[in-house]
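For the record, the sequence lines run as chains P and A. The end of the first sequence is residue 680 by the numbering used here, with every number in the run present. The end of the second sequence is residue 680 by the numbering used here, with every number in the run present.
Each hint should be verified, as a subset may be incorrect.
Note that identical chains are pooled: a pair holds if it fits in a single copy or bridges any two copies.
Stated by the list, open to error - Cross-link-like lysine-lysine pairs, in silico, DSS-like; alpha carbons within 27 Å at most: (1) K638 / K481; (2) K668 / K401; (3) K638 / K456; (4) K664 / K467; (5) K669 / K558; (6) K638 / K558.
Think of the hints as simulated: they come from the structure by calculation, not from any bench. Please read all numbers here as calculations on a predicted model, not as lab measurements.
Listed below are the residues making up each chain.
2 protein chains.
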Amino acid sequence: MPSSKSPETLEFSDGELILIDQTRLPQELVTLTCRTVEETHDAIQRLVVRGAPAIGIAAAYGVCLAAKSSGASRQDYLDAADHLATSRPTAVNLFWALDRMRATIAATTDETMLHGKLVEEAKKIHEEDREMCKSIGRNGASLLGQSKCVLTHCNAGGLATSMWGTALAPIYHCHQSGQAIEVYADETRPLLQGGRLTAWELSQAGIPVTVLTDSMSGSLLRTGKIDAVIVGADRIAANGDVANKIGTYPLAVLARYHSVPFYVAAPSSTFDLELADGAGIPIEERSRDEVAEPLGVCAVPDAAKVMNPAFDVTPAELVDCLITERGLIPKPDRKKVAEHFGRTLAH
Amino acid sequence: MPSSKSPETLEFSDGELILIDQTRLPQELVTLTCRTVEETHDAIQRLVVRGAPAIGIAAAYGVCLAAKSSGASRQDYLDAADHLATSRPTAVNLFWALDRMRATIAATTDETMLHGKLVEEAKKIHEEDREMCKSIGRNGASLLGQSKCVLTHCNAGGLATSMWGTALAPIYHCHQSGQAIEVYADETRPLLQGGRLTAWELSQAGIPVTVLTDSMSGSLLRTGKIDAVIVGADRIAANGDVANKIGTYPLAVLARYHSVPFYVAAPSSTFDLELADGAGIPIEERSRDEVAEPLGVCAVPDAAKVMNPAFDVTPAELVDCLITERGLIPKPDRKKVAEHFGRTLAH
């Protein structure tokens with residue numbers, strides 16, 4: 334990077350969406366500039382930008398990129414939203430952000446105003462995300478209390494959002510308040526977001542971090558060293574079931590087995606209240622080579638099959654508390670989730 | 334390989350120990366020839382040859398390699414045994430095999446006979462291992478019954494022994510008997526023995542195998558598709574606690590949580606009856622780069638710490654059955670393990 338200041342996870346400037354290329358970390362810190370809807374779609378699909386909240390923000394800006402030098406029609410923007418919705422299937426924040434952009438299109442009768450209104454809405458989504466990170470940080474920190482040692486999985490930090498992240502926000506909050514806190518980060522195969530991204534951003538912030546393979550968290554939990562497990566989410570159903578990065582579910586089982594509290598931090602936009610439970614969450618199956626060729630080197634013979642679900646579902650009963658920007662949902666169930674969002678359950 | 338026939342995991346011929354170089358699989362099938370004690374020590378340490386029983390056999394042959402063209406003294410052989418004992422700390426079969434070689438040295442009064450006697454003893458250990466594999470295969474198959482789908486971790490197959498292996502022996506037995514059986518193999522980070530070795534040897538044998546990352550076995554078990562989990566062991570304490578490849582313990586917890594039987598297959602030489610329980614088993618901590626640089630590519634920033642225990646300990650209460658060449662030890666405890674070996678417990 335030419336600048337000495339670290340770039341933002343994502344920035345929108347002069348009609349360009351500038352992303353930290355997360356596929357290149359920790360080896361090099363470089364940005365990728367998206368100038369078209371297609372480039373944004375590709376960046377989301379290739380995980381240049383990832384993490385449920387960041388995907389939503391990127392997609393919102395992506396809709397704005399439908400504007401050519403000649404301008405764009407209402408239909409162009411709608412087509413852009415439809416196309417971006419196909420980039421990843423699981424993170425519900427993507428569809429939530431695109432719905433807000435569609436609503437803006439519908440609400441703007443003067444087509445010449447459309448581009449300005451859409452950029453304004455995308456920036457609003459982005460700004461709300463920053464506020465969300467701070468609130469989750471505060472709410473989660475109240476739960477962590479004097480915890481000294483936290484285990485996390487994948488990356489639900491600043492690189493997954495616009496600022497502090499979700500799962501890592503309470504950790505940043507504690508660190509900023511002067512509390513000694515250290516993090517164990519599962520490397521998170523197949524794409525190693527824990528080793529590559531969580532370890533990178535926490536190190537940058539001066540928070541001690543130790544990387545372990547996903548297979549080591551069981552015996553680490555058994556030592557009694559871990560005060561809490563905290564992860565993010567890609568979609569949360571109305572009953573509190575959580576879809577998150579593959580490996581989250583076994584971690585929840587292991588945390589329960591060792592009586593270590595298991596927390597999930599996510600903004601309201603991650604909740605899919607139309608979905609009764611986790612069984613209805615579509616799970617993205619990604620390509621063979623992510624498993625068979627880690628970091629580009631063949632590690633599975635061609636004759637063997639491979640499975641590669643990107644996410645798993647953790648049932649609500651294994652979640653000790655959901656943390657949102659609005660507050661906490663301890664021992665989540667259908668009723669408590671509905672109440673948290675001010676809804677009344679139909680009986 | 335010039336020969337169309339697949340090489341053996343390890344062979345001793347004309348005073349040379351020839352090993353399949355397991356660090357190169359599945360990309361290429363090449364052998365490494367050890368001509369000295371030091372080369373054998375290095376091959377064990379670098380995991381060219383690995384798997385508790387195979388380490389024992391390799392070390393036994395390694396002692397024979399103390400013989401120079403000028404012959405070797407009793408002390409040379411004893412020094413070789415002492416040195417080879419430092420190559421890996423956890424697998425007890427290593428010490429067991431070296432103790433047999435030391436006993437042979439002690440029992441051979443005529444020094445000119447030493448080399449011949451030692452080669453004879455090493456070949457006997459090797460041959461017994463083949464018989465052990467067949468017996469474990471038969472005993473384990475009786476336990477698997479009509480199981481169609483088995484999950485395993487790491488490699489406790491032919492590459493870890495001289496023939497069928499331990500955990501994979503019942504699977505080879507079922508396959509040879511015409512029973513349809515398929516295997517899910519955890520890739521087993523950090524060194525990927527599941528993806529590289531188990532998948533390779535099962536594919537060679539025509540047994541269907543699917544590789545998954547270690548983080549996926551939780552949700553796989555949740556599907557109900559897996560009939561049994563079967564793994565090997567590096568050391569088993571007198572109460573039935575099992576040290577095995579890191580990631581075994583969480584798998585045992587997950588198997589129990591999903592009511593899937595968890596079996597451990599190992600020869601008698603893996604039992605350390607002097608050790609009361611698993612707490613006393615030394616756990617090898619391996620180098621940072623195995624975690625931080627998977628397959629040689631940097632995936633963890635320098636500022637982050639790394640942990641890399643090679644093994645974990647699974648308490649006996651999570652083991653549904655131990656399988657040895659002598660038979661089965663269901664729900665193992667101190668009394669049953671002692672009885673299995675014809676010992677009477679001191680009270």
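(message) So, against the hints stated earlier in the document, which numbers end up violated here?
(response) Numbers 2, 3 and 5, in rising order.
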